[in-house]
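There are 2 protein chains.
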Amino acid sequence: MCDVCGCGDPRLAPRVSIDVNASLLADNDAEAAHLREHFVAHGITALNVMGSPGSGKTALLEATARALAGSARLAAVSGDLATSLDAERLERAGIPCTTITTGSACHLDASMIHHALHGDARAAVERCAFFFIENVGNLVCPAIYDLGQRARVVVLSVTEGVDKPLKYPVMFRRADLVVLTKIDLLPHLPGVSTAALRDNIAITRPGLPVLELSATTGQGVDAWVDWLRSQSQLGIRG
Amino acid sequence: MCDVCGCGDPRLAPRVSIDVNASLLADNDAEAAHLREHFVAHGITALNVMGSPGSGKTALLEATARALAGSARLAAVSGDLATSLDAERLERAGIPCTTITTGSACHLDASMIHHALHGDARAAVERCAFFFIENVGNLVCPAIYDLGQRARVVVLSVTEGVDKPLKYPVMFRRADLVVLTKIDLLPHLPGVSTAALRDNIAITRPGLPVLELSATTGQGVDAWVDWLRSQSQLGIRG
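Those sequence lines, one after another, are chains A and B.
With numbering that gives the first Met the number 0, letter number 23 in the first sequence gets 22, and the count goes up by one each step, no holes.
With numbering that gives the first Met the number 0, letter number 198 in the second sequence gets 197, and the count goes up by one each step, no holes.
Rather than coming from a laboratory, the hints here were simulated on the basis of the structure.
Fair warning: there could be bad hints in the mix.
[What the hints assert, rightly or not] Computed beta-carbon distance windows for the label pairs: (1) A:A81 / B:G190: 18 to 26 Å; (2) A:I202 / B:Q230: 36 to 44 Å; (3) B:G206 / A:S22: 38 to 46 Å; (4) B:H37 / A:D198: 40 to 48 Å; (5) A:T100 / B:P205: 16 to 24 Å.
[What the hints assert, rightly or not] Covered stretches of chain A (chain B as the covering partner; in silico rule of three or more C-beta atoms under 8 Å from a C-beta of chain B): (6) 79–92; (7) 153–160.
Quick caveat: nothing in here was measured; it's all calculated off a predicted structure.
C-beta: ideal position from N, C-alpha, C; glycine also.
Can you make the complete structure from the sequences, with help from the hints?
Right, here's the structure in full:
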């Protein structure tokens, strides 16, 4: 365990006790288990949505709101170092959303979600069918923090290039779904194909489901909504 | 100080002693000061190149190699969780490059650079004019680690949207230059303009220099090379 980031650089390990980080993640896992029990008991399908800055997480949720308008209650929390810009976008799209301001922290953890659920996010989450946790934009650190989610969704823009699943394997190995976004830009990205992206995802994590989507054109949104329905224990409820 | 990431979530602070993290960053700063002395003494201009996954860091350095071929010796280290793909690209472009494999760690720190300079990277860096440290793709964590660089360069792709300087302020506040990349894609990004990006950068960090560049078309590379020359103590040497 790395003493800087709770992640894993062995070179730094001797500087502090390994128990500090082990305990941190154990604490997080215990709190995540508590959250999961709550979500399951209340029929809430919680999704941990992760990806690089600008990968299209918020745009995906806006498109989801348009697709599910009137057929399912949605709620969200949005993690950001600063501003509530994403939460404002989601509110405008019809998703009640609470900002979790992390300061300079690079990920959400279970205690932040727990805190939000005992605060401003409570009313909306209690009556929702789908609870979207939009993580801090970061393809590294959020991967190792269980947030009690039903599934981890990695959002990867085709503009990021085809090598990211190979270069950031931790995130992809723990994912339940990859959504390739901004596919409307593919004609302008000569070195990029979704076939190559799918190949590299399969190398990193064989069998991991992949969807292709453009929030701008709406292409692929139906398949994403079908996947969401497949994750819901109770089907989509109003 | 956050006990998870060395960064800054006050909610987690009570869990471990603040001295652990303060000491970590103090150790890093001391090692970075040592590196800086070495770079200055040897007339090496070291640049810490940071940005999101897929922001175009490697493509910027490839374009730099093309622009400076024959007129300046370059060297690099490339930090990645896994693979040596970026280092292989830089080697093909003519920049001797050593990979620093971080495992699952989300940033480079001074000890990793120091270790590389006493290892495989030594020969190339000792005789270079410009030493590029291509950090792990991450717009959050690398910001707080001094690597002994002459300057911090933030690479931000226009495909990431205009709000990133507001949402990831720590990185921009510590930068010496922002390079806006992939500007050839602007005609296909209706909601994005470099004017809006410049406005948001100016809000976060008034006066921070900004360049606009496309590694694909070569637009803006000359201004980037001029900026590099301005950073060099000794001018560009062969």
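Structure versus earlier hints, numbers of those that do not hold, lowest first: none
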